[in-house]
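Participant: Residue numbers (our numbering), protein chains in the order written: chain A, 1 to 237; chain B, 1 to 237.
Don't take every hint at face value.
Note that identical chains are pooled: a pair holds if it fits in a single copy or bridges any two copies.
Unchecked claim - Derived DSBU-like pairs: lysine-lysine, alpha-carbon spacing no greater than 35 Å straight-line: (1) LYS205 - LYS169; (2) LYS166 - LYS59; (3) LYS205 - LYS19; (4) LYS44 - LYS115; (5) LYS169 - LYS59; (6) LYS94 - LYS197; (7) LYS44 - LYS166; (8) LYS166 - LYS188; (9) LYS188 - LYS59; (10) LYS115 - LYS92; (11) LYS169 - LYS115; (12) LYS94 - LYS166; (13) LYS214 - LYS169.
To be clear, the hints were calculated from the coordinates, so they are not data collected in a lab.
Protein chains: 2
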Amino acid sequence: MELIETCFSPLLYDLYKGKDKTVVIIDVLRATSSICAAIKAGAKKILPVATIEQAYEAKQNGYILAAERDGKVLDFADFGNSPDLFTPERVKDKVIAYSTTNGTQTIELVKDASKILIGSFVNLSVLTEYMIQNPSPVVLVCSGWKNKFCLEDTLCSGAIAEILIKSEKYNTFCDSTHAAIDLWNQAKPDLLNYLNKASHRHRLKNIVSYEVIKYCFTIDIANVLPYYDNGFITRLL
Amino acid sequence: MELIETCFSPLLYDLYKGKDKTVVIIDVLRATSSICAAIKAGAKKILPVATIEQAYEAKQNGYILAAERDGKVLDFADFGNSPDLFTPERVKDKVIAYSTTNGTQTIELVKDASKILIGSFVNLSVLTEYMIQNPSPVVLVCSGWKNKFCLEDTLCSGAIAEILIKSEKYNTFCDSTHAAIDLWNQAKPDLLNYLNKASHRHRLKNIVSYEVIKYCFTIDIANVLPYYDNGFITRLL
Numbered sequence: 001m002e003l004i005e006t007c008f009s010p011l012l013y014d015l016y017k018g019k020d021k022t023v024v025i026i027d028v029l030r031a032t033s034s035i036c037a038a039i040k041a042g043a044k045k046i047l048p049v050a051t052i053e054q055a056y057e058a059k060q061n062g063y064i065l066a067a068e069r070d071g072k073v074l075d076f077a078d079f080g081n082s083p084d085l086f087t088p089e090r091v092k093d094k095v096i097a098y099s100t101t102n103g104t105q106t107i108e109l110v111k112d113a114s115k116i117l118i119g120s121f122v123n124l125s126v127l128t129e130y131m132i133q134n135p136s137p138v139v140l141v142c143s144g145w146k147n148k149f150c151l152e153d154t155l156c157s158g159a160i161a162e163i164l165i166k167s168e169k170y171n172t173f174c175d176s177t178h179a180a181i182d183l184w185n186q187a188k189p190d191l192l193n194y195l196n197k198a199s200h201r202h203r204l205k206n207i208v209s210y211e212v213i214k215y216c217f218t219i220d221i222a223n224v225l226p227y228y229d230n231g232f233i234t235r236l237l
Numbered sequence: 001m002e003l004i005e006t007c008f009s010p011l012l013y014d015l016y017k018g019k020d021k022t023v024v025i026i027d028v029l030r031a032t033s034s035i036c037a038a039i040k041a042g043a044k045k046i047l048p049v050a051t052i053e054q055a056y057e058a059k060q061n062g063y064i065l066a067a068e069r070d071g072k073v074l075d076f077a078d079f080g081n082s083p084d085l086f087t088p089e090r091v092k093d094k095v096i097a098y099s100t101t102n103g104t105q106t107i108e109l110v111k112d113a114s115k116i117l118i119g120s121f122v123n124l125s126v127l128t129e130y131m132i133q134n135p136s137p138v139v140l141v142c143s144g145w146k147n148k149f150c151l152e153d154t155l156c157s158g159a160i161a162e163i164l165i166k167s168e169k170y171n172t173f174c175d176s177t178h179a180a181i182d183l184w185n186q187a188k189p190d191l192l193n194y195l196n197k198a199s200h201r202h203r204l205k206n207i208v209s210y211e212v213i214k215y216c217f218t219i220d221i222a223n224v225l226p227y228y229d230n231g232f233i234t235r236l237l
């Protein structure tokens, strides 16, 4: 049995990291949902860039740039961070540079893990099937909001952990994982309604459409498995 | 309406701190439960000391010393960290130096808050009544286990937050507070059974008795309100 741990904030990652561990990065609203959408739409590679300066440099170097901060598109970017923006017309066979408020920093942080997978509700089945076929100790890393705990990433980590434990290939002795599973079970009968209380959803209300939020909470709507390796995110499955 | 925030790990405290805020320190197993027990048993003052070195120094300076690390009594201490050890015979009218794995470090960390209250299940009513009579922005700080999220402190913060919100003097827009309240509502019909999954309870199993653990989860069993001021913990109510 492999062990599952859940890290509720990038600031806590040092307590969980290990070179033998697989990391799943979760940023439901919206980085990891959008990365799945982009890969599903046929993007060849995604270059995650952590800082605004690096995003600007990538743009200067000829990359197509998707970038936002605090929910707003950076003025020198080609487009922002919602999954509906990553259309085949825009991204098919292209390399996209991508920078967001929370998610892309998390990728930078976990770089030394043995395997880095991209997780969200939109790719729940393919992600967990892969993990069940390839068991390894795993840390589910919630990107949170500016290093604070956030509900939507926690619920997603709970959904992932629940499936892994049901497979009997995984187990957990981690309080955050237990909490995430219990919150997920409370939320799942009516996920969007439950998430009305999530602060980040309210933060985004005036910036992105309800359709975008709904997309990010739709299980398996972009059922591909992106992973990070050697500076780029590409398609594993 | 005053706002409630919940901080799940001392490592995240910088994201929540503010000089105008009241902090409630929570370390159910066992520091804040034991502090309430000590104050209820008539201890005059408690000097919280963060490091083993400071604990040794306090002992040299003539204090009665209660101190443990990882659930075990330090060999130069007079006794350890369970509430049943703080008997009137041992502590009445005395000044006790006190050092534990998690809780006393948290006190050190939050020193600059405007008011520092000691909270646990054992003093839930007097704590929340005081807070309702004296509304102020509040951060519920869970001591956790070595900076990791822990279930028992989270449930206690949820119990506190729920009472404060029901008073209509407080509200919250904080995801961790929502999560804590929802976990508390799941756990409260059978708290001890729910906490069977808490990792720290298992950590303590071979070290402290079931009676001690039960004490720490008994609402209002030591219904006094200790607070920290100027280096010492004393009785506020």
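Participant: Each of the hints needs a verdict: does it hold here or not?
Facilitator: Here is what the structure says about each hint:
1. LYS205 - LYS169: Answer is between; shortest inter-copy Cα gap is 27 Å, intra-copy 39 Å.
2. LYS166 - LYS59: neither (44 Å within a copy, 51 Å between copies)
3. LYS205 - LYS19: between (39 Å within a copy, 31 Å between copies)
4. LYS44 - LYS115: Within one copy only: 19 Å inside a chain, 55 Å across chains, cut-off 35 Å.
5. LYS169 - LYS59: neither (43 Å within a copy, 50 Å between copies)
6. LYS94 - LYS197: Neither: 37 Å inside a copy, 47 Å across copies.
7. LYS44 - LYS166: within (34 Å within a copy, 52 Å between copies)
8. LYS166 - LYS188: For LYS166 and LYS188, the Cα distance is within 35 Å both inside one copy (16 Å) and across copies (25 Å).
9. LYS188 - LYS59: Classified as neither: same-chain Cα gap 40 Å, cross-chain 53 Å, threshold 35 Å.
10. LYS115 - LYS92: Result: close within a single copy only, 25 Å intra versus 57 Å inter.
11. LYS169 - LYS115: For LYS169 and LYS115, only the intra-copy Cα distance (18 Å) is at most 35 Å; the inter-copy one is 48 Å.
12. LYS94 - LYS166: Intra 38 Å, inter 53 Å, cutoff 35 Å: neither.
13. LYS214 - LYS169: both (31 Å within a copy, 33 Å between copies)
Hint compliance for this structure: hints 2, 5, 6, 9, 12 are not met, and every other hint is.
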